[in-house]
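Participant: So the protein lines, in turn, are chains C and Z.
Offset between the first sequence (1-based) and our numbering: plus 275.
Offset between the second sequence (1-based) and our numbering: plus 12.
Just so you know, not all the hints are guaranteed correct.
Computed, partial: chain Z to chain C, Cβ under 8 Å [said to hold, decoys possible]:
1) Asn309
2) Ala313
3) Ser317
4) Glu320
5) Ala321
6) Ile325
7) Ser328
8) His336
9) Leu340
10) Pro343
11) Pro375
Examples of chain C residues toward chain Z, derived with CB under 8 Å [to be verified]:
12) Asn312
13) Met356
14) Phe400
Just so you know, these hints were derived from the structure itself, not from any lab.
Values in this document were obtained by computation on a predicted structure and should not be read as measured data.
Built from N, CA and C at the ideal position, the CB exists for glycine as well.
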Amino acid sequence: MTELVDSTNSSESYTMTESAVPNISAGDGPLKMTTRNVDVFYGDKQAINGVSIDVTMDNVTAFIGPSGCGKSTFLRCLNRMNDTIPIAKVTGEITLEGEDIYAAKMDVVQLRARVGMVFQKPNPFPKSIYDNIAYGPRIHGLATSKDELDNIVETSLQRAGLWREVQDRLQDSGTALSGGQQQRLCIARAIAVDPEVILMDEPCSALDPIATAKIEELIHELRGKYAIVIVTHNMQQAARVSQRTAFFHLGTLVEYGVTSDIFTNPTQEKTRDYITGRYG
Amino acid sequence: MNSAVAFAEERNPTDWQSDAMQKRIRKRYASERRFKALGLGAIVLSAGFLAFLLIVMVGNGLRGFTQTELPVEIDFPAMTGGASPSQFVGANGSANLRSLGVQDIVSTSVQIQYGEQGTELFSAGSWQTVQAAILDNPGIVESRTTLYLPVGSEIDVAYKGDGNASAEKTVEELKDQLSTGFNSNFLFNSDATDPMQVGIWGALKGSLITMFITLIIAFPIGVFSALYLEEYAPKNRFTDLIEVSINNLAAVPSIIFGLLGLAVFLNLFGLPRSAALVGGLTLALMTMPVIVISGRNAIKAVPPSIREAALGIGASQMQVVFHHVLPLALPGILTGTIIGMARALGETAPLLMIGMRAFIATPPGGIVEPATVLPVQIFLWSDEVNRGFVEKTSAAIIVLLLFLLTMNALAIYLRNRFETRW
Numbered sequence: 276m277t278e279l280v281d282s283t284n285s286s287e288s289y290t291m292t293e294s295a296v297p298n299i300s301a302g303d304g305p306l307k308m309t310t311r312n313v314d315v316f317y318g319d320k321q322a323i324n325g326v327s328i329d330v331t332m333d334n335v336t337a338f339i340g341p342s343g344c345g346k347s348t349f350l351r352c353l354n355r356m357n358d359t360i361p362i363a364k365v366t367g368e369i370t371l372e373g374e375d376i377y378a379a380k381m382d383v384v385q386l387r388a389r390v391g392m393v394f395q396k397p398n399p400f401p402k403s404i405y406d407n408i409a410y411g412p413r414i415h416g417l418a419t420s421k422d423e424l425d426n427i428v429e430t431s432l433q434r435a436g437l438w439r440e441v442q443d444r445l446q447d448s449g450t451a452l453s454g455g456q457q458q459r460l461c462i463a464r465a466i467a468v469d470p471e472v473i474l475m476d477e478p479c480s481a482l483d484p485i486a487t488a489k490i491e492e493l494i495h496e497l498r499g500k501y502a503i504v505i506v507t508h509n510m511q512q513a514a515r516v517s518q519r520t521a522f523f524h525l526g527t528l529v530e531y532g533v534t535s536d537i538f539t540n541p542t543q544e545k546t547r548d549y550i551t552g553r554y555g
Numbered sequence: 013m014n015s016a017v018a019f020a021e022e023r024n025p026t027d028w029q030s031d032a033m034q035k036r037i038r039k040r041y042a043s044e045r046r047f048k049a050l051g052l053g054a055i056v057l058s059a060g061f062l063a064f065l066l067i068v069m070v071g072n073g074l075r076g077f078t079q080t081e082l083p084v085e086i087d088f089p090a091m092t093g094g095a096s097p098s099q100f101v102g103a104n105g106s107a108n109l110r111s112l113g114v115q116d117i118v119s120t121s122v123q124i125q126y127g128e129q130g131t132e133l134f135s136a137g138s139w140q141t142v143q144a145a146i147l148d149n150p151g152i153v154e155s156r157t158t159l160y161l162p163v164g165s166e167i168d169v170a171y172k173g174d175g176n177a178s179a180e181k182t183v184e185e186l187k188d189q190l191s192t193g194f195n196s197n198f199l200f201n202s203d204a205t206d207p208m209q210v211g212i213w214g215a216l217k218g219s220l221i222t223m224f225i226t227l228i229i230a231f232p233i234g235v236f237s238a239l240y241l242e243e244y245a246p247k248n249r250f251t252d253l254i255e256v257s258i259n260n261l262a263a264v265p266s267i268i269f270g271l272l273g274l275a276v277f278l279n280l281f282g283l284p285r286s287a288a289l290v291g292g293l294t295l296a297l298m299t300m301p302v303i304v305i306s307g308r309n310a311i312k313a314v315p316p317s318i319r320e321a322a323l324g325i326g327a328s329q330m331q332v333v334f335h336h337v338l339p340l341a342l343p344g345i346l347t348g349t350i351i352g353m354a355r356a357l358g359e360t361a362p363l364l365m366i367g368m369r370a371f372i373a374t375p376p377g378g379i380v381e382p383a384t385v386l387p388v389q390i391f392l393w394s395d396e397v398n399r400g401f402v403e404k405t406s407a408a409i410i411v412l413l414l415f416l417l418t419m420n421a422l423a424i425y426l427r428n429r430f431e432t433r434w
């Protein structure tokens, strides 16, 4: 386990080592995003080690793994949120619909509109519920009239399953909602700019079980409309919401495949140890 | 494992009732009481100093807002040769009044009433009170009218109980006629050589203009510097150096900024001396680092999750800054700005260097006209020999403190009004 962290100078060797090459294909469905040999460095420290993975439109993809395994770091590469960390450096190839998202001509602002993100802690803007949702469409000019904007707000809230709870108080502050409602508001906010992919970084870790169940239900409903990638440290959650699961360990992708296979019949010993609770 | 077992065997239950334990508890209570008493003592001491300052200032200063007056009966119809009230109304009113020779009328009336030496009782500018009274109400020129005119500064001081022997004697003689009135001159006049005629308005206006210049220069530069340093600038040795420099700049003694203003604005750029513009620029240099530091702190306090949220739905860096970070940081920035401005308002030393200590008898009409400011005016008056200036100095201090108090109240109001909780 430790040799992976130590030998930071040769990322090639991992992908070449026979036992460390996981199946990267997601199987059926049209490809949405692909990554090839992605390395992430924080200064001198290598956080991600030659990860190659495919994300499809029709499946919810879950990233699981013990704390510090790099699953969140990798997720943040998919919409270039790591750009905000000055010492982070990403190499390798990540594509969205065949376009290299780290290419010089890629507009990162547009990319983030196409690949939306929901964060660990609900982070609504300290503005009204309406303005929270309407902010994205406004800055991207997605609505030409007030009616159109109202429509986007309503549709987004409905898709996030929040409309019935907040339709009478759209002008209340978004921060006045409960934790679970705030997180669904954040999902609605991401949906409002009509993304192709939604990245969720442990979206339920700050929520109680009932709110978590609602979010999971929501993920089920959103499946197919958006490509969804979810990072979770809760294996049951991964089993419940996802169709594809990737297991990360110490910055490498250990195994990737159909969720039921990963949980019932993992091919790698490390995966088996983790899902049976030996470590993590 | 073994050591844990051994420990369990050796362990005796703690005796919370033992003498040593009780003593420790008493000691703890005593030290808490001591600490509380010390803290309370410190508060009482500082409150005492503050109360002393305010009582002395208000006690002395309030007398500056009053003046001692003597009644003078003026026979307007006889003296003016039958001037009609309509002459002193409208556009030509003050010109006609000037040609009337009010000064002579007043001194004649005074001599009739108080004898040959009568004029010495009165303030040299007391005729201006008569002039103002006529402009205010032209009808008085039709009849014999009694007006209350300000007495000379020595008698004024003596009447208020602090004068020299001869003035005391005069006061004793005129006791029945002397009275105290509100000194409106003090609020509407500018500097003068006669303490009965001085006013704070020129300095107050100078302060307002100077503060305005300071604000419009220092606020945008300070806020944009803070935003750039926090949100855009890479974190490296160079920006570290800039940060240290800004912190040092905030601690530089103000007189150094005065020298800088003298060397750069007056000598290099050739801007006029004593002008509010130069004063404002100099104080802006001094205030800017304070705004940058408080601005950076306020910007740092905006939670990163808000930035991520905005970035995550595709806001550009500038949209993040102007739609989210700046509005949330604004209360903190405003508080810091007003504290910096309050410091600039009380600043004297740098303004002395750029010539704002001149005797300015008219309120400044613009940013390049000679002006003075409140603290410099206080400094100048406190230097005067004439005893009449003592209470004027205190009164000016009251005005300055009220100004400061208003600014600080505004800072607190703005902070509470715009503070967002998340």
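Participant: State for each hint whether it applies.
Facilitator: We went through each hint and held it up to the structure:
1. Asn309: Since the shortest Cβ distance to chain C is 19 Å, the answer is violated.
2. Ala313: Violated, about 13 Å.
3. Ser317: It holds, given that the least Cβ distance between Ser317 of chain Z and chain C is near 4 Å, below 8 Å.
4. Glu320: holds, 6 Å
5. Ala321: At 4 Å from the nearest chain C Cβ, Ala321 of chain Z passes the 8 Å test, so the hint holds.
6. Ile325: holds, 4 Å
7. Ser328: OK, holds: Ser328 of chain Z within 8 Å of chain C, min 5 Å.
8. His336: It holds, given that the least Cβ distance between His336 of chain Z and chain C is near 7 Å, below 8 Å.
9. Leu340: holds, 7 Å
10. Pro343: violated, 12 Å
11. Pro375: For Pro375 of chain Z, the interface hint is violated, since the closest Cβ of chain C sits about 45 Å away, which is over 8 Å.
12. Asn312: violated, 26 Å
13. Met356: OK, holds: Met356 of chain C within 8 Å of chain Z, min 7 Å.
14. Phe400: holds, 6 Å
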